[in-house]
Amino acid sequence: MTTILLVDDDPFVLKALVHGLRRSRPGWSCSVAANGAAALEELTKADFDVVVSDMRMPRMDGAGLLTRVRDAYPRAVRIVLSGQAEGAQMDCARSVADAILSKPTPVSVLVTCIDGALARRA
Amino acid sequence: MNRRRPRPLSRTMDASGRRPSPGNPPDIGSHYGEVMEKLNAAQGKWAVMIHLLTAAAVWPSWRSVLWVVGTTAFLVPLNIWITGAMMRRRGPVVSEVFRTSANVSTSIILFHMTGWPLPGWLWLPFIALAYGSTRRLTAIMLTVFWGVMTAVALHDGVALIYPLTFGGLAYLCRVFTEARVGIMHDMFARSEAQRCELDTAHESLQAAVEARQSVELELRQAQKLEAIGRLASGVAHEINTPLQYLATSIPLVGEGVHDLLRLIAQWRSRLTAPAAHIDPALLGELEESARACGLEDLETMLVESLEMAQDGVGRVSTIVRSMKELAHPERLEKAPIDLNRAIHAMLTVAQHEYRYVADVTTALGDLPPVECHAGEITQVLLNLVVNAAHAVADVVESSGARGSIIVSTRAERGEVVISVADTGGGIPDAIRDKVFEPFFTTKAVGRGTGYGLAMARATVDQHGGSLSFASCPGRGTTFFVRLPIASATTLALQAAA
Numbered sequence: 004m005t006t007i008l009l010v011d012d013d014p015f016v017l018k019a020l021v022h023g024l025r026r027s028r029p030g031w032s033c034s035v036a037a038n039g040a041a042a043l044e045e046l047t048k049a050d051f052d053v054v055v056s057d058m059r060m061p062r063m064d065g066a067g068l069l070t071r072v073r074d075a076y077p078r079a080v081r082i083v084l085s086g087q088a089e090g091a092q093m094d095c096a097r098s099v100a101d102a103i104l105s106k107p108t109p110v111s112v113l114v115t116c117i118d119g120a121l122a123r124r125a
Numbered sequence: 002m003n004r005r006r007p008r009p010l011s012r013t014m015d016a017s018g019r020r021p022s023p024g025n026p027p028d029i030g031s032h033y034g035e036v037m038e039k040l041n042a043a044q045g046k047w048a049v050m051i052h053l054l055t056a057a058a059v060w061p062s063w064r065s066v067l068w069v070v071g072t073t074a075f076l077v078p079l080n081i082w083i084t085g086a087m088m089r090r091r092g093p094v095v096s097e098v099f100r101t102s103a104n105v106s107t108s109i110i111l112f113h114m115t116g117w118p119l120p121g122w123l124w125l126p127f128i129a130l131a132y133g134s135t136r137r138l139t140a141i142m143l144t145v146f147w148g149v150m151t152a153v154a155l156h157d158g159v160a161l162i163y164p165l166t167f168g169g170l171a172y173l174c175r176v177f178t179e180a181r182v183g184i185m186h187d188m189f190a191r192s193e194a195q196r197c198e199l200d201t202a203h204e205s206l207q208a209a210v211e212a213r214q215s216v217e218l219e220l221r222q223a224q225k226l227e228a229i230g231r232l233a234s235g236v237a238h239e240i241n242t243p244l245q246y247l248a249t250s251i252p253l254v255g256e257g258v259h260d261l262l263r264l265i266a267q268w269r270s271r272l273t274a275p276a277a278h279i280d281p282a283l284l285g286e287l288e289e290s291a292r293a294c295g296l297e298d299l300e301t302m303l304v305e306s307l308e309m310a311q312d313g314v315g316r317v318s319t320i321v322r323s324m325k326e327l328a329h330p331e332r333l334e335k336a337p338i339d340l341n342r343a344i345h346a347m348l349t350v351a352q353h354e355y356r357y358v359a360d361v362t363t364a365l366g367d368l369p370p371v372e373c374h375a376g377e378i379t380q381v382l383l384n385l386v387v388n389a390a391h392a393v394a395d396v397v398e399s400s401g402a403r404g405s406i407i408v409s410t411r412a413e414r415g416e417v418v419i420s421v422a423d424t425g426g427g428i429p430d431a432i433r434d435k436v437f438e439p440f441f442t443t444k445a446v447g448r449g450t451g452y453g454l455a456m457a458r459a460t461v462d463q464h465g466g467s468l469s470f471a472s473c474p475g476r477g478t479t480f481f482v483r484l485p486i487a488s489a490t491t492l493a494l495q496a497a498a
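Protein chains in written order, with our numbering: chain G, 4 to 125; chain W, 2 to 498.
So here's chain G without its partners, still in its complex pose (with noise of 0.2 Å):
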């Protein structure tokens, strides 16, 4: 079963994800995370295939997320999906992440782009 962690700091941009990543797969199982640190301590917990974060987030933004599963979990498929698409912390997550979605994203493409990813590394 894939898991997906979602990585948002406005909780109705996950309700709205879970709801149509169910819907769309229901085979996958998702779980939120409201930051960057949140993120982390669910990454203690459990494994997870594909972590969709966010940029802009309180104590830990997108960047230094995704950086950090990048050393810690590599096998983990990195996606970015921000309203932000330019600036310095961009530049940094280009280099880390497996795709950039930029905001408002309709659920079928971020499925389509985590199968993708998921294709790729398998």
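Derived from the structure by calculation, the hints contain no laboratory data.
Everything numeric in this text was worked out from a predicted model, so none of it was measured.
A hint or two may mislead.
Said to hold, decoys possible - Covered by chain W, per the in silico footprint, the following chain G stretches (three or more residues, Cβ under 8 Å):
(1) 14 to 20
(2) 38 to 52
(3) 77 to 87
Stated by the list, open to error - Straight-line alpha carbon distances no greater than 20 Å define the calculated SDA-like cross-link-like pairs of lysine to any residue that follow:
(4) Lys-48(G) / Arg-26(G)
(5) Lys-435(W) / Leu-218(W)
(6) Lys-18(G) / Thr-5(G)
(7) Lys-18(G) / Pro-243(W)
(8) Lys-444(W) / Glu-398(W)
(9) Lys-18(G) / Val-254(W)
(10) Lys-18(G) / Lys-444(W)
(11) Lys-435(W) / Glu-398(W)
(12) Lys-335(W) / Thr-5(G)
(13) Lys-18(G) / Gly-255(W)
(14) Lys-18(G) / Val-258(W)
Backbone N, C-alpha and C fix where the C-beta goes; we use that ideal spot for every residue, glycine too.
Start from chain G and add chain W according to the hints.
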């Protein structure tokens, strides 16, 4: 006798006839002013005559006339000679000239009359007192005075006397030479020159102030644009988050609604099937509930509403994305960009400018990526489109008709050409040369982007391109932006390789 032969000093001192008492010294200042006024009122030559007659009145006898005529006959040539000597020296070194004079006492009086350290007339009472206030001395002094005046009048002409009388008694008491007139002339010329200098300085200061204001305005506009850009970028980011869950939720709701409706239809068909043994009363109740909530219309309404919501989210996303592309912080170096894509983004953002007045058509050719500052070039194009929209609006304003704006691109010989054509009123020949001048505008205050064509041209020039236009008054204008595909730096690097 007293009335006919009043004391000369009191006559001199007090024109109003009021005798100054010893305990009540005459008000010399005010008296001086009164005499000056009287003299000023008289013409130059009459002033001389008045003084001549005054001298005669002070010593009213035939001898006084003789005395006056005699001293005049002596003093006039003397003064002419002195004046001539001063002229030769080309300078008013009066004391030296007077030391050479044969008549020492006259010289002293003349010297005092030149106005140093007091105007001559103010010395008269003191001299008169020193000489025991004799009528004769007073007459001498008066004669000396009008003698000088006559000399001046003879030498320099009545024309000089005229302004002298207007200049006051201090002028009258001075010996005028060409040198003095020259000095006066010099002073006048200097003050005139200073006035000219002041005028020039004032003009240049005004120009500098205007230039500064222009620069400040430009700077403010640039800062405003930068601030708007930053704001737009931030707003775009803020809007994108709710857009994300809208874009995720709406299709979910759509799918859910679709499934639910399918489910209801399925149940209904099963319930109403002849084979189904359902209590007719229950069926009637269900049908009544379905009618009450307008189930037949509900399906159409839900589907259409969801389509609209989906479309709305799509449009908001497009606008926000375009806004972000347009306003994203400037990169320092030029980067290859897809101009056609930038044009689409720009047209989306500028929609509100043209939507109600013109139809925009694009004819975008195949373009290679163009090395440029994307934001700056997009601003230039935005400016051209907004100008085009304004030009069209001015024409169609009253009629309610629509104009058209055509944005086209093509690549030719190492450069791309972007043209923005409108069906506006065109640019009159009279202002053709001015449209690129900084802050030249025919628009009302507050209209336009504040990003003048001058700045647009400067931007295009900085890219090594050119901005030009062709206009047919009454039919429209087309602006052409030409940009080199590769920047000068890249070309240099390629050449080096």
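Q) Out of the numbered hints, which ones does the structure contradict? A) Violated hints: 2, 4, 10, 11 and 12; rest satisfied.
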